[in-house]
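Q: Residues per chain, in single letters:
Protein chains: 2
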Amino acid sequence: MKHLFMVAVAAASLILPASAEEPAPIPSPGEIAAAAPASDWVAIAPSDLLVMDLAPDARGKPRRVVIQLMPAPFSQGWIGNIRKLAAAHWWDGTSVNRVQDNYVAQWGDATEKKPLPKGLATVPEGDYVTQTRGTGGQKRSVTSDGRPLVMNWSGWSPGWSWADQVDAYSTKRSFFRGWSFASTDGKTGWPVHCYGMVGVGRNMSPDTGSGAELYTVIGHAPRHLDRNIAVVGRVINGIEHLSSLPRGTGALGFYEDAGERVAITSIRVATELPTADQPRFEYLSTESDSFARYVDARQNRRDPFFITPAGGADICNIPVPVRPVAVK
Amino acid sequence: MKHLFMVAVAAASLILPASAEEPAPIPSPGEIAAAAPASDWVAIAPSDLLVMDLAPDARGKPRRVVIQLMPAPFSQGWIGNIRKLAAAHWWDGTSVNRVQDNYVAQWGDATEKKPLPKGLATVPEGDYVTQTRGTGGQKRSVTSDGRPLVMNWSGWSPGWSWADQVDAYSTKRSFFRGWSFASTDGKTGWPVHCYGMVGVGRNMSPDTGSGAELYTVIGHAPRHLDRNIAVVGRVINGIEHLSSLPRGTGALGFYEDAGERVAITSIRVATELPTADQPRFEYLSTESDSFARYVDARQNRRDPFFITPAGGADICNIPVPVRPVAVK
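Taken in order, these protein sequences are the chains called B and U.
Take 4 as the starting number for the first sequence in the numbering used here and just add one per residue.
Take 4 as the starting number for the second sequence in the numbering used here and just add one per residue.
Read the hints as simulated data drawn from the structure, not as lab findings.
Please note that a few of the clues may not be correct.
Copies of the same chain look alike in the list, so a pair counts if it works inside one copy or between any two.
[Claimed, not checked] Quick list of in silico lysine to any residue cross-link-like pairs, SDA-like style, CA-CA up to 25 Å:
1. 121 / 269
2. 190 / 311
3. 64 / 254
4. 64 / 262
5. 64 / 253
6. 175 / 310
7. 64 / 284
8. 175 / 288
9. 64 / 265
10. 190 / 48
11. 116 / 62
12. 87 / 127
13. 190 / 310
14. 116 / 269
Model, not experiment: these values are computed from the prediction.
Working from the sequences, and respecting the hints, build out all of it.
A: Printed below as a string of structure tokens:
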């Protein structure tokens with residue numbers, strides 16, 4: 004009976020095959036995603052993937068973390084900096100310096116003396132939020148990957164719509180191009196600090212960080228950081244190489260002993276890697292009917308384990324399904 | 004400047020001393036808790052502590068996890084079973100068998116063949132929720148630790164009050180005796196699946212689990228489990244010994260190789276340990292003014308790092324401060 008212990012957990016995995024012995028009469032969220040037609044899955048451009056290779060673990064096993072960068076127009080100032088830092092191989096030889104339980108794992112230059120590449124932008128605090136609906140005229144455009152985008156003079160509106168959902172941090176939510184956003188006014192929105200999201204460490208305001216110091220969330224969503232720190236991406240593979248690291252025993256979870264730091268061998272945009280070494284992932288289109296069914300199932304769990312469906316789901320409990328592209 | 008990188012994080016620690024160089028003009032939540040008078044801190048009875056000793060780590064360091072059991076009248080059927088299992092030394096020689104990233108670490112008997120002690124209760128599903136306000140007469144009583152408790156014929160009401168807070172899972176929240184609870188009707192309430200909470204693994208309904216199979220949350224709060232699984236306690240110390248374990252590579256994060264399991268040396272109620280070895284902790288009284296200020300500060304971060312206070316906080320982002328009792 005071991006497999007049934009906590010079978011609820013099954014659906015927490017994004018993609019989990021139904022048990023052969025115990026087919027669920029009502030599909031779980033993971034089963035809905037797994038059953039979605041291929042046309043509902045969208046390839047993630049390798050140019051939007053940041054590949055972080057940590058030094059091998061104690062047993063010599065490789066440790067690769069794959070980060071997907073956010074799409075335009077969100078956080079693009081910082082993401083531009085990150086692309087420059089990766090192109091300059093700036094992170095090579097830096098390290099993971101801080102792991103604070105139920106909070107973040109953070110990496111960058113522990114010495115804080117390594118010179119930054121020239122030409123990094125200073126991004127204003129206003130860019131923590133983004134206009135998502137214009138009030139003026141519109142023009143049609145296409146995104147870099149060929150998807151239609153309706154541009155507004157004061158922003159952009161790619162068929163954007165907000166759904167009411169009240170939590171302690173916002174009153175509306177929206178899914179767009181594989182990401183989730185929060186809003187209060189229905190005009191501007193911001194990316195949310197959920198598990199696995201990647202943000203930009205900074206000093207005191209008005210500094211907003213260059214992007215050289217990054218962290219990922221490894222605990223309960225610290226949504227109070229929304230609109231206070233830039234969110235630039237999310238870990239889509241290998242987060243266990245960060246979330247299972249020993250916790251730092253210094254203040255804020257910094258490693259006290261330099262020997263505890265985990266060396267970063269390299270960070271590259273995937274297009275800089277040999278083609279065969281480029282990771283390939285796809286996400287379930289947030290504009291698809293499959294995704295709508297997935298959201299509904301996460302909000303109202305009817306698979307057999309559950310007795311009382313919640314009738315809703317926290318925005319951070321609706322992770323957009325992402326999976327590796329099968330090798331052909 | 005390293006200490007300022009992500010200084011926001013400081014306040015996420017329950018108790019974090021203010022930086023000597025950079026005193027915060029407006030106190031952070033952690034500073035408010037640290038400054039609370041001794042009279043606002045409540046000792047946790049050793050009889051309510053479950054002490055789990057794991058086998059030492061690879062470097063020979065001890066790994067102790069301390070769990071606080073929930074107060075009556077919540078989940079008492081399962082907690083009674085847990086006390087019997089601990090008294091029987093039933094967990095000694097069992098193991099942590101499953102660690103699923105952003106979800107749970109789970110322990111118990113991997114063989115599922117170890118006989119359970121006699122006399123364990125079969126707890127009904129109705130006990131996932133608890134009456135928190137009666138409709139009939141009242142009588143005054145005291146709890147086992149001498150605190151006043153108003154008993155109602157149909158339940159109990161220890162000065163209980165609910166505050167409106169809407170999230171995807173509930174519309175009201177309450178703090179009581181060091182714990183947080185959620186409700187929709189303001190009459191019945193239930194404990195919430197936040198980071199570090201301990202729950203009871205079970206098979207399919209109507210089974211509710213004996214308490215022999217336990218897990219703790221090591222990721223974003225899986226609140227959809229509320230009212231579907233019993234919550235019996237929370238890890239108040241040493242959660243890093245569970246949350247930083249290697250993730251299992253089998254389905255649901257189970258370890259595929261028995262050699263990966265982490266041995267449990269013993270689990271005891273603290274009163275069974277030699278006095279000198281009994282852990283001592285206290286929590287910030289949820290009925291104190293200090294706690295009210297702490298909640299307000301978590302909802303409206305005004306310490307210098309923050310630009311935009313959220314105006315609210317998720318119930319799982321308001322952990323009740325717990326600290327070791329200083330040795331005198």
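Q: If the cut is 25 Å between Cα atoms, do residue 64 and residue 262 qualify within a copy, between copies, both or neither?
A: This pair counts as both: shortest intra-copy Cα distance 19 Å, inter-copy 17 Å.
Q: Since the copies are identical, ignore which copy is meant and state whether residue 121 and residue 269 lie within 25 Å (CA to CA) inside a copy, between copies, both or neither.
A: within (20 Å within a copy, 57 Å between copies)
Q: Within a copy, between copies, both or neither: which one fits residue 116 and residue 269 at a CA-CA cutoff of 25 Å?
A: Cα proximity of residue 116 and residue 269: one copy only (18 Å, versus 47 Å across).
Q: Cα distance capped at 25 Å. Does residue 64 pair with residue 265 within a copy, between copies, both, or neither?
A: So residue 64 and residue 265 pass the 25 Å test inside a copy (14 Å) and across (20 Å) alike.
Q: Using 25 Å as the alpha-carbon threshold, which applies to residue 64 and residue 254: within, between, both, or neither?
A: For residue 64 and residue 254, only the inter-copy Cα distance (21 Å) is at most 25 Å; the intra-copy one is 30 Å.
Q: Please sort residue 64 with residue 284 into within, between, both or neither, judging by C-alpha distance up to 25 Å.
A: within (22 Å within a copy, 40 Å between copies)
Q: Could you place residue 87 and residue 127 in one of the four classes (within, between, both, neither) given a Cα distance threshold of 25 Å?
A: Close inside one copy (18 Å), not across copies (59 Å); limit 25 Å.
Q: At most 25 Å between C-alpha atoms: does residue 175 with residue 310 qualify within a copy, between copies, both, or neither?
A: between (28 Å within a copy, 21 Å between copies)
Q: Reference check for the pair residue 64 and residue 253, CA-CA at most 25 Å: within, between, both, or neither?
A: Close across copies (18 Å), not inside one copy (27 Å); limit 25 Å.
Q: Please sort residue 190 with residue 310 into within, between, both or neither, judging by C-alpha distance up to 25 Å.
A: Only across copies: residue 190 and residue 310 sit 20 Å apart there, 38 Å inside one copy, limit 25 Å.
Q: Tell me, please, which holds for residue 175 and residue 288 at an alpha-carbon limit of 25 Å: within, between, both or neither?
A: within (20 Å within a copy, 34 Å between copies)
Q: Please sort residue 116 with residue 62 into within, between, both or neither, judging by C-alpha distance up to 25 Å.
A: Cα proximity of residue 116 and residue 62: none, with 32 Å in one copy and 33 Å across.
Checked against the numbered hints given earlier, the structure breaks hints 10, 11 and satisfies all the rest.
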